[in-house]
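Just so you know, the sequences run in chain order C and G. Here the first sequence is numbered in the numbering used here, starting from 2 and rising by one per residue. Here the second sequence is numbered in the numbering used here, starting from 428 and rising by one per residue.
Each hint should be verified, as a subset may be incorrect.
Heads up, simulated DSSO-like pairs for lysine-lysine below, C-alpha to C-alpha not over 27 Å straight-line [what the hints assert, rightly or not]:
| # | chain 1 | residue 1 | chain 2 | residue 2 |
| --- | --- | --- | --- | --- |
| 1 | C | K74 | C | K112 |
| 2 | C | K119 | G | K535 |
| 3 | G | K446 | C | K74 |
| 4 | C | K112 | C | K83 |
| 5 | G | K634 | C | K115 |
| 6 | C | K115 | C | K74 |
| 7 | C | K185 | C | K74 |
| 8 | G | K535 | G | K667 |
| 9 | G | K446 | G | K667 |
| 10 | C | K74 | G | K497 |
| 11 | C | K23 | C | K227 |
| 12 | C | K227 | C | K83 |
Calculated from the structure, these hints are not laboratory results.
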Amino acid sequence: MSEHILEIRHLSKTFGTHAVLKDIDFTVDKGDVTSIIGASGSGKSTLLRCINLLETLTTGEILFHGQDVTAGKINPSAYRAKVGMVFQNFNLFSNLTVLGNCMIGQQKVSKIPKEEAKNRALYYLNKVGMAPYINARPDQISGGQKQRVAIARALAMEPEVLLFDEPTSALDPEMVGEVLDVMKSLAKDRMTMLVVTHEMAFARDVSTHVVYMADGVIEEEGKPSKIFSDPESPRTREFLKRILNA
Amino acid sequence: MENHMFAQLFTDIASLWAKYHTMYLTGILNTLILAVVATLIGCVIGFICGILQTIPCGPKDNIVKRVLLKIIRIIIRIYVEVFRGTPMILQAVFIYYGMPYFFGVSFKDIWTVSIIVVSVNTGAYMAESVRGGIMSIDPGQFEGARAIGMNHLQTMLYIVLPQTLRNIMPQIGNNYIINVKDTSVMFIIGFNDFFAVHKMVSGAVFKYFPSAFLEMGGYLILTLVASFLLRKMEKRLAGKSNYELVNTDTLTMSAGTYSYPRDAASPFDETSKDYKGEKA
């Protein structure tokens, strides 16, 4: 029996009168690579942002190792340090170098001494193939490189779960591969990941679990082999047909 | 004829300078110190107001925090409107001569009052500049910082304010130059700045134009030097325009999963054909 890292229970989110997420329930276990797929506007990104508390939930709870993080007992900053997030638009700190981006969180949030933070940052930058660029500033490198640095920045905090919010959607096509390769290698290292993606090949071949969302609800979830070859729901089938033949 | 007039002007200036240059120089020094110190303190005030005004606060936060933040925002608002909306010369008079009424004491030290007045005045302008500067920062920067676990203060100190500072450098320069000139109104409470020297000297020897000529030149030099230095500072804040690749760091080469320079078989090769054509 594997340990639940994250449990999402009855999560709902409304913006005004518009319900974006309706009664979402699912769990993330250690080592899971969960892909969340679905059409634009189905609430995938909002779900991820809720999990990282960047959006406040309207109702429901998020359990991190069994503890509710929305109840106010757990410091949201401490929780966020353990749940890494990679954004569609990278969000690298433009006042810092590549190395600084990967060190600042360790130093200021985790209070790790400078030398150790630097070593750890270099280790993860090396892992994503960006170590030679430590002196560059974010506006001096390409989109794919930025995203790899963003992944290293998240990894340097040594999170228990890594959330990816459409990590390749803002990239030029020729840069998508390098970022997916990094994510694949993380999956191989048994990193627990939750990935909102439009990359169906990644969802099918790399993830251990696929969640299909439509109109703010989880329409179907299961093993990728099952979802991609024999989906239960007609909506899932329709979506996959449309996106795979596009 | 014309030559004669100019010659007269320069002799007058020369004689003024010969006789009163220590006073002029002291005036310049005082003006400079007051402008620099007050601009710096004003910036600090502005940044503090900026941080306080942008503390995130949602309907889910507890009532005490919300009320407190509301009060802080109102106080800052009043501060900004009052000190931006009244002449500094009047503020100086108001504070200097108002103290005995409110606290029963008067300021002994003209320096203290002057620094307070000019700083508080600058702070009111800076508060707005900083607020604008913070608003211009990409929301993604806040999210990136929050996502690695930073709280509001850390996000501000390490991520947002350094970027804000870079963006509002021209405004800080503006404020500094305005201060160099506008500290001249502090003569009203007896501060011995550059302009006060003009009043004294011209009052003593009735050489109004030659002294004014000298003052004009003096102020212009002060502000031109300031502009030059500010430009240099802006360039430094912008950072280097190029960077060096690091290929020799021993840790870099040994610690990771694969080594650079990348070879064709590298799984991270940017020319990798994996996943191509399968984009949604």
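Now for the hints, and whether the structure bears them out:
1. K74(C) <-> K112(C): Holds - the C-alpha atoms of K112(C) and K74(C) are around 22 Å apart, at most 27 Å.
2. K119(C) <-> K535(G): With Cα atoms ~53 Å apart, K119(C) and K535(G) exceed 27 Å; violated.
3. K446(G) <-> K74(C): violated, 74 Å
4. K112(C) <-> K83(C): holds, 14 Å
5. K634(G) <-> K115(C): violated, 63 Å
6. K115(C) <-> K74(C): Roughly 30 Å separates the two Cα atoms, so the pair is violated.
7. K185(C) <-> K74(C): violated, 35 Å
8. K535(G) <-> K667(G): Judged against 27 Å, a Cα distance of about 48 Å means the pair is violated.
9. K446(G) <-> K667(G): Between K446(G) and K667(G) the Cα gap is close to 48 Å, so the pair fails against 27 Å, i.e. violated.
10. K74(C) <-> K497(G): Distance ~25 Å between K74(C) and K497(G) Cα, so the pair holds.
11. K23(C) <-> K227(C): holds, 24 Å
12. K227(C) <-> K83(C): violated, 31 Å
Checked against the numbered hints given earlier, the structure breaks hints 2, 3, 5, 6, 7, 8, 9 and 12 and satisfies all the rest.
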